[in-house]
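Starting from the known structure of chain A, fit chains B, C, D and E with the ligands onto it as the hints suggest.
Heads up: the sequence lines are chains A, B, C, D and E, in that order.
First residue of the first sequence: 344, per my numbering; consecutive thereafter.
First residue of the second sequence: 344, per my numbering; consecutive thereafter.
First residue of the third sequence: 9, per my numbering; consecutive thereafter.
First residue of the fourth sequence: 9, per my numbering; consecutive thereafter.
First residue of the fifth sequence: 547, per my numbering; consecutive thereafter.
I should point out that these hints are in silico values taken from the structure, not numbers from a laboratory.
Note that the Cβ used here is the ideal one computed from N, Cα and C, for glycine as well.
There's no promise every hint is true.
Have a look at the derived ranges for each label pair, beta carbon to beta carbon [to be verified]:
#	chain 1	residue 1	chain 2	residue 2	range
1	A	Ala648	E	Ala867	33 to 41 Å
2	D	Pro39	C	Glu249	38 to 46 Å
3	A	Phe408	B	Val414	49 to 57 Å
4	B	Gly534	C	Ala116	48 to 56 Å
5	A	Glu509	E	Thr606	40 to 48 Å
6	C	Ala116	B	Gly485	28 to 36 Å
7	E	Asp833	A	Thr444	42 to 50 Å
8	A	Glu509	C	Ile114	49 to 57 Å
9	E	Asn743	B	Gly485	52 to 60 Å
10	E	Glu572	A	Thr581	54 to 62 Å
Simulated crosslink set (SDA-like; lysine to any residue; CA at most 20 Å straight-line) [stated by the list, open to error]:
#	chain 1	residue 1	chain 2	residue 2
11	C	Lys110	C	Thr122
12	E	Lys680	B	Asp535
13	D	Lys103	A	Phe508
14	B	Lys654	A	Leu515
15	C	Lys256	D	Asp240
16	E	Lys611	A	Leu585
17	C	Lys242	D	Pro248
18	A	Lys654	B	Asp535
19	D	Lys256	C	Val251
20	C	Lys193	D	Lys103
21	C	Lys242	D	Lys103
22	C	Lys256	D	Lys256
Residues of chain E clear of chain B, computed beta-carbon distances all greater than 12 Å [as the list claims (entries may be wrong)]:
#	residue
23	Thr552
24	Val553
25	Val570
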Amino acid sequence: MTSATRGLRSTTDTASEGRQAGGLTTHGTPTEPPTAPPGDEHLGQTLKVASDHRRSLRIGRLRKFGLSLGVLVVFLAVWWLVTALEWVRPLYLPSPGSVWTAFVEANGCTEVSPTRTVCGEQNYYMWEHLIASLQRIGVGVGVAVVLGPVVGFLMASIGWVNTAFEPYLNFLRSLPPLGYIGLLIVWFGIGDLSKYWLLFLAAFPPIVIATINGVRGVRQDSIHAAQSMGASRWQVGTSVVLPSTLPEVIGGVRIAVGFAWTTVVAAELNAGIPGIGGLAYVSGQQLQTALTIACIIVIGLAAVALDALIKYLGSLAVPWYGKA
Amino acid sequence: MTSATRGLRSTTDTASEGRQAGGLTTHGTPTEPPTAPPGDEHLGQTLKVASDHRRSLRIGRLRKFGLSLGVLVVFLAVWWLVTALEWVRPLYLPSPGSVWTAFVEANGCTEVSPTRTVCGEQNYYMWEHLIASLQRIGVGVGVAVVLGPVVGFLMASIGWVNTAFEPYLNFLRSLPPLGYIGLLIVWFGIGDLSKYWLLFLAAFPPIVIATINGVRGVRQDSIHAAQSMGASRWQVGTSVVLPSTLPEVIGGVRIAVGFAWTTVVAAELNAGIPGIGGLAYVSGQQLQTALTIACIIVIGLAAVALDALIKYLGSLAVPWYGKA
Amino acid sequence: MSFTLENVSQRYITDSGEVIHALADTSLEVPAGEFVCVVGPSGCGKTTLLRILAGFLEPTGGIASANGQPITRPSWERGVVFQQANLYPWLTVRKNVELGLKFRGIDASTRRETAEQCLALVGLGGFEDKKTYELSGGMQQRTQIARVLANDPEIILMDEPFGALDALTRERLQMDLLTIARERKKTIFFITHSVEEAVFLGDRVLVMSPRPGRVVLDEPVRISAQYGRMLDGKELRSTPEFVALRDKISDTIYEGQAP
Amino acid sequence: MSFTLENVSQRYITDSGEVIHALADTSLEVPAGEFVCVVGPSGCGKTTLLRILAGFLEPTGGIASANGQPITRPSWERGVVFQQANLYPWLTVRKNVELGLKFRGIDASTRRETAEQCLALVGLGGFEDKKTYELSGGMQQRTQIARVLANDPEIILMDEPFGALDALTRERLQMDLLTIARERKKTIFFITHSVEEAVFLGDRVLVMSPRPGRVVLDEPVRISAQYGRMLDGKELRSTPEFVALRDKISDTIYEGQAP
Amino acid sequence: VEGGRTVHPDSVMAEGAGECPVEVHEEVDTTLTIAYQPIPNGDLIVRDLGWLEACMPNATITWEKFNSGGEVIQAFGSGSVDLGLVGSSPATKAVSPPVSVDMQVVWIHDVIGDAESLVVQEGEGETLAALAGKRVAVPFASTAHYSLLSALEREGMNTSDIELTNLSPDAMLAAWERGEIDAAWVWAPTLPLLEENGQIILSAADTAEAGAPTFDLAGATTEFVEANPEFMQVWTAAQDAAVRMIKDDPDAAAESISVQLGITPEEVAAQMEGYTYLDASEQAGEDYFGGTLAQDLINTADFLVDQQEIDEVNTKEAYEAAIYSDAIVEVGQ
Ligand SMILES: Nc1ncnc2c1ncn2[C@@H]1O[C@H](COP(=O)(O)OP(=O)(O)OP(=O)(O)O)[C@@H](O)[C@H]1O
Ligand SMILES: Nc1ncnc2c1ncn2[C@@H]1O[C@H](COP(=O)(O)OP(=O)(O)OP(=O)(O)O)[C@@H](O)[C@H]1O
Ligand SMILES: NCCS(=O)(=O)O
Ligand SMILES: [Mg+2]
Ligand SMILES: [Mg+2]
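Just chain A, same shape as in the assembly (with noise of 0.2 Å):
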C-alpha cells in the first residue's frame, strides 16, 4: 500500500456530520491505530488536506469558485446599496467605485493643473509602497525566521536557558507594538531599522514557540534510533531534531508573517512613506477614506497571497509532513 491510498474518499458517501469532520484514512500498517492529527493549524496534514480536497471534489472546483465569486458579489452588492443609498456619508464609508478609483489613481498619474501632473500617492505608486513594506517584512521576518529556530532550539534544548528566559517570550509576545514603537525610535532611529525591529519582535515568538514545541514533539525513539547507530549529540541535533523540527517552525513563520502584516502600520506611523501601512495611516489621517480602505484591502490581499507562497514552498520543504 502505497502513499497513493491515503486520504480517499467513497464515490458514494453516505455523508453526515461526520464525514466533514476528520478525514478517513487508511494506514499502511494495518494495525497502527489512527492517531489524531497534530493539533497544529498550519501546514496541510493530509488528514485535514485530504478532508478538505475530498469536499472540494464534492462541491467541485467550479461550483467552488462560482460561489466564493458569488458572496464576493453579493458583499460588493450591499455595500455599494449602503453608499448608493447614502445611509452613511461617503467619506465615512465611501462606495466601491470611489476605492477602486483611489487604487487606480494610487497606481497612476493624474493631472492636477493643466501644467501638473501627479503620480501616486505621496510620490510612491501603490505598488511601490507595496513593495517597500514588503521588503521591511522580508527583512523583520527574515532575521527572526534565522534567529528565531536557533533561539527555539537553544531554550528547547537547554534547561536553563528555557527557565530563564522563556517569561520574556511570553511577556514579549503580547506587548502591543504600539507601546513600545515609540522607544524602538529613540533607539534605532525613525529609519527603517527601528521599523525590521518592531517586524521582528512580533515575529520572533511565535517562531521561537513553535520552534520549542517542535523540538518538544521530537519523538524520544527517534533521537535514540541516531544515538544508536552512532549520532554523536551534534548530530542528533542537526539529522534528526532540525528536520523533525521542520514543519512546526514553517508552521510558526506562517503565523509570524501573518502577525507582522497586522503590526505594519504601526511600523510605519512614523517616516513610514514608502509603505503600504504609511499610506494607510497618512491617507486616514488626511480623512482620504477612499485610498485607507484601498490600502487595507491590499494589505489583507498581499498578506493571503504570502500566506498561500509561503505554505506552498513549506509543504515542497516538508512533503513528508501529515504523512509519517
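Relative to the frame of chain A, chains B, C, D and E with the ligands by itself:
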C-alpha cells in the same frame, strides 16, 4: 496501569539532548505506538508538561526560581547601568528607578502645590486604567469566545459556509487594527463600542480557526461510535464533536487573548482614558517615557497573568487533554 | 437479527482520481446468533465490509440489509466495537456506558442499572466512576464492549478489537467475549488478523482475498461441536482439528498473496 | 559480542514523587551469537531492560556491560530495532539505511554498497529511492532492520519489532530475521508479547514476572537441534516439543499474573 | 524602492520647480533629514518645488513626514532628524526638563490664527463656560491642546470642569457626526467639516491676543546648526522666498501646497486664511526673534508646569539660547 504511571522519569537518566526533547512516556496499551504529541502549542499536554515537570524537578523549584530572579536582576542591573552611565538620554530610556516612581505615582497621589493634590494619571489610578482595559478585553474577547466556536462549528461542518467565508477569515486575520480602527470609529463611535469591536475582530479569527481545526481533527471513529449508539446528528454535535473540540477552542482563546492585548493600545488610541493602552499612548505623546514604560510592563505582566489563568481554567475544563 | 449482502461491491476514488476497487461482488448471509470471523490480508476490504454493515458507508454496488431492511445509516441495533476503544474522555466510565441509552432517551435509573450490569459483565464492577484515561488499554477495550452491550444491539460488528492488546489481555477478553456471545445470543461479525483467534472464536470463518476483496473461503468451525462440549483455549488449540483448520486458512491466505 | 547484567535494578520516580520499582535485581549472561527472546506481562520491565542495554538509561542499581565494558551510553555496536520503524521521512530509503554509516564517517561509495546489500537482504532491492512514507508498515519495518544491519552491530536489541504488523507480514519477517541471525551470527535480544514467536525464534526464552520485573524462567529452546535439522514454521509449531514449551511458558506468565 | 522621494519621477512638475529662487550654494554638502508636517505653509512649497535640492545640489536631503510635534521631538531625540517642524508647545516641552533636548528654534513657519479653532456643536452654547461638563476633544500634546488649556485657564476653568478627550483629528469627525463630542479644538482638514454643523467660538488667534500665541516653528539640533551655518542661511533664504511667494503669488503657492496635501488649491487657499506668514525681515523684528519669542516660550513653559505637563521651567538663559536668529537676521536684511 493508571495515568499515574504516565510521564514519569528515571532517577538517574543518562540525560542527553534527547532527554529534554519529547517526554518519555509509558503507554496504557503496550502495543500502542508512541504517538507524537499533537502540535497544538497551547494546552498543557501531558507529554510536554511531564517533560517540563521532570526538568523542573531536576533543577529544583527553588533553583529555577533563583535563576529567573537572577536573570531579572541582571536585566535590571544592565538597564540601570545604561541609564546611570547616561549612554542614552533619560528621556528616551528612563532608569528603572524612575519607571518605578512613575508606577508608584500613577497609583497614588502627589502634591503639586500646598493646595493641590493630584491623584493617579489622567484622573485615574493606574489600576483603574488596567481594569478599564480588562473590561474591554473581557467584552471583546468574550463575544468572540461565544461566537467564534459557533461560527467555527458551522464552517467546519457545512461545506458551503466554509467555502464562502474562509477566504474572508484569512483576510481578516492579517488586517492591521490600526488600519481599520478609523472605520470602526466611523461606524461605532469613539466610545467603548468601537473598542469592543476592535478587540472582538482581533480575537475572533484565531478562535474560529482553532475551532475549525478542532472539529476537523475529531476522529471519524469517535463520531461513528456515537452514531452506532443511536445518536442523532444533533447529539453527535453536542455530545461528541463539541467536547472533542474543547481543547483546541481553549488554545484558540489563549491565542486570541494574547492578540487582543497586542491591540489594546490601538483600541485605546482615541478616547482611551481610562485604559492602560490609552495611558501608554497619551503618556508617550506627552514624552512621559517613564510612565509609558511602566504601562507597557503592566500590560505585559497582566497578559502573562491572564494567560496563566486561562491555561489553568482550561486544564480544569479539559482534564483529559494529553491523556487520552 | 440476521444480515445479508447481495452482490455488494465498493469502489473508492482517490484524490488523484484513481479508482480503487476495494470490494468485489460479495454475497453473504449470516443468520441471527452466528459468530462470524473474517480474516484476510491487509487492505483486502474487511473494514470496508464492516463499514457497509455498520451503515457508515453506502456500497457502490449491491445491497446490504439487516433483517431484510436495507442498511442506509448507522443504527444502535448494529453496535460497533473498534480497534481503538474510542471512549469519550470527558465522561466517566459509567457515563460512557450509559451514553447509547441516553441517546435513545432511556430514563436515568434504567441507564444506571444497565451500565452497572454491563460493566460487571466485562469485569469492571467498581470502576464506574473512574476517568477513562485512568484505565489500561485492556480495561478501555472492555469498557467499549460494555458500552456496546448496554445498548443491547442484536448485531455486534468488531474490527480487530483485540489487535492493540497484549497476548494475555487478549486471551482474557476472547474468553469474555465468547461467554457473552453465547449467553446473549448476539450476531457477531468479527474482523481479526489472527487466524488462531478466528478459529478459536468463530462459529464460521471467512477468508478474503487481496484487493478487490472477495470471500474465498467460508468455513464452519465445529470443533467444540465435534467434541460434544466446550473446550478451553489450551485444549482446543491442541486438537488436530484446530491445527488443521488453522493451517487450511493460513494456506488460503498465503495462496491469495502469492506473488 | 556478549553482554551481561549484574544485579541490575531500576526505579522510576513519578511526577507525584512516587517510586516505581520497575526492575528487581536482575543478573543475566548472554554469550555472543545467542538469540534471546523475552516475554512477560505488560509493564514488567522488558523495555526498561532493553533501554538499559541500549544505553538509553543508566540503571539505578547494578552494572550492565557489553563485552566486559560497562554500558554508559548508546553505541552503534548495539543496534536497536523499535516497534515503530522510526525511519526519517525526510530521507529516502537508501539514505535512511546509510545514515548510521554516515554518522560514523564511512565514505560514500562504501555506504551506498552496504545499503544496497542490506536492502537486498531484507527483500527491498529496488526500493532504494522511495520515500519512506510510500512504504507499507512491513516494508518500513524491514527498512529499519536493514538500517541496523548496515551498521553491522554485534548486538541487536529488538523491542516488539513485529508487534504492529499483520500476521502474514509478521511471519515473513520472522523468517527473514532468523536467516539473518544465523548467517550473520548476531547476538539478539528480542522482546515480544507472543509466546509462539518467542519459542519460534529464540535459542533461549526468558520469562519475566510482573513488576518489579525479574527473570522467572530461563529456558533454552532446542527443538530444531533435537530434530537435527531446521524445521519450517508449520512443522515446528506442530511438534509436541513446541506445544509443550509454549504451554510451559504461557503457564509461567499466567501464574505470575494470578490475582 | 528607495525611500525619501520628494517627487515622483513620473510626475510632471510645475514650471519653475527645481529652480533655486535664491543664490545657489554648491559648497554646501551636508547630509540631513528634515521632518515636515502636512500644514499649509512655506515649508511645503520649499519641498514641492525642490528649492533646497536646487539651491544646494551637493547636499543630501531626506524629507520625512510626521503627524505631530511629539513624534518629531521623539525623532530629534533618536538623532533621526536634524531639522523639522514642531508646534510651539511641543517645542517648549522639548527644551524644558525633563526632556531638555539640545535644540534651537530657527524659523516661524506660521503664526496660528483661526486655523486652529474651537468648534462647538450647534446649540451647545457659545461660550467656553457653557461647555462645562461637556465632552471636548483635542489631540493631546498639540498646539491646539495648549490653546484649549490656556483658554480654560483664562476662563477660570480647569480640565476637570469639562470632559477632556484625546482624539486624533481623523477620529473627531466621526465622533462629531455621531454627537459623541460636543466640541473640538482642531485644524484642517477636520475643522471645516465640523464647521458645517457647528460654530467656532474661540481660535488660536484669540489666545494669541491674550498673550499666549501658538506657532508652527522650525527647530534644529544645536549640533547641526552650529556645524552648518551656510546651510541654515540658504534654508532660511528658501523659506523666506516661500513666504514671499505666498504673499506675491498666492495661486502658485496654493497649487504647490495642494499637491503636497492632496486637496484642491481652493481648499488650500481657504485654510491659509487661518495663518499668518512672516518673512525673514518680519521675523527678525521685536515681536519675534528680535525680542519676545524667548519670553513666549517661557510663558508657555510656565503654563505647562501649571498643567503638570512638564516638571519645571528651565532657566531664562536656556530659552534664550534656544533661539537661533543669525540666519534670519542675515536673510532679513
Ligand atoms: N476512504 C477510503 N478511500 C479510498 N480508498 C480506501 C478508503 N478506505 C479504504 N480504502 C482502500 O480500500 C482497500 C480496502 O481497505 P480496508 O480498510 O477495507 O482494508 P482492510 O481489509 O480493513 O485492511 P486492514 O487489514 O489493513 O485493516 C484498501 O486498499 C484501502 O487502501
Ligand atoms: N520513564 C518512566 N518513568 C517512570 N516509570 C516508568 C518509565 N518507563 C516505564 N515505567 C514504568 O516501569 C514499568 C516497566 O515499564 P516497561 O516499559 O519496561 O514495561 P514493558 O515490560 O516494556 O511493558 P510493555 O509490555 O507494556 O511494553 C511500568 O510499570 C512503567 O509504568
Ligand atoms: N499645529 C500642530 C503642530 S504640532 O503641535 O503637532 O507640532
Ligand atoms: Mg481494517
Ligand atoms: Mg515495552
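Evaluated hints:
1. Ala648(A) / Ala867(E): 33 to 41 Å: Violated, at about 55 Å.
2. Pro39(D) / Glu249(C): 38 to 46 Å: holds, 42 Å
3. Phe408(A) / Val414(B): 49 to 57 Å: holds, 54 Å
4. Gly534(B) / Ala116(C): 48 to 56 Å: Holds, at about 50 Å.
5. Glu509(A) / Thr606(E): 40 to 48 Å: holds, 46 Å
6. Ala116(C) / Gly485(B): 28 to 36 Å: holds, 34 Å
7. Asp833(E) / Thr444(A): 42 to 50 Å: holds, 47 Å
8. Glu509(A) / Ile114(C): 49 to 57 Å: holds, 50 Å
9. Asn743(E) / Gly485(B): 52 to 60 Å: At roughly 36 Å between Cβ atoms, Gly485(B) and Asn743(E) fall outside 52 to 60 Å, so the hint is violated.
10. Glu572(E) / Thr581(A): 54 to 62 Å: holds, 59 Å
11. Lys110(C) / Thr122(C): holds, 11 Å
12. Lys680(E) / Asp535(B): With a Cα-Cα distance of about 18 Å, the restraint between Lys680(E) and Asp535(B) holds, given a limit of 20 Å.
13. Lys103(D) / Phe508(A): Status violated; Cα separation ~37 Å.
14. Lys654(B) / Leu515(A): Holds. Lys654(B) to Leu515(A) sits at ~18 Å (cutoff 20 Å).
15. Lys256(C) / Asp240(D): Between Lys256(C) and Asp240(D) the Cα gap is close to 16 Å, so the pair holds against 20 Å.
16. Lys611(E) / Leu585(A): violated, 45 Å
17. Lys242(C) / Pro248(D): holds, 13 Å
18. Lys654(A) / Asp535(B): Status violated; Cα separation ~37 Å.
19. Lys256(D) / Val251(C): holds, 19 Å
20. Lys193(C) / Lys103(D): Given pair Lys193(C), Lys103(D) is violated - Cα atoms ~55 Å apart, limit 20 Å.
21. Lys242(C) / Lys103(D): Given pair Lys242(C), Lys103(D) is violated - Cα atoms ~47 Å apart, limit 20 Å.
22. Lys256(C) / Lys256(D): violated, 26 Å
23. Thr552: The claim holds: Thr552(E) sits with its nearest Cβ about 26 Å from chain B, beyond 12 Å.
24. Val553: Label holds. Min Cβ-Cβ 26 Å, cutoff 12 Å.
25. Val570: holds, 38 Å
Hint check: violations occur at hints 1, 9, 13, 16, 18, 20, 21 and 22; the rest are consistent with the structure.
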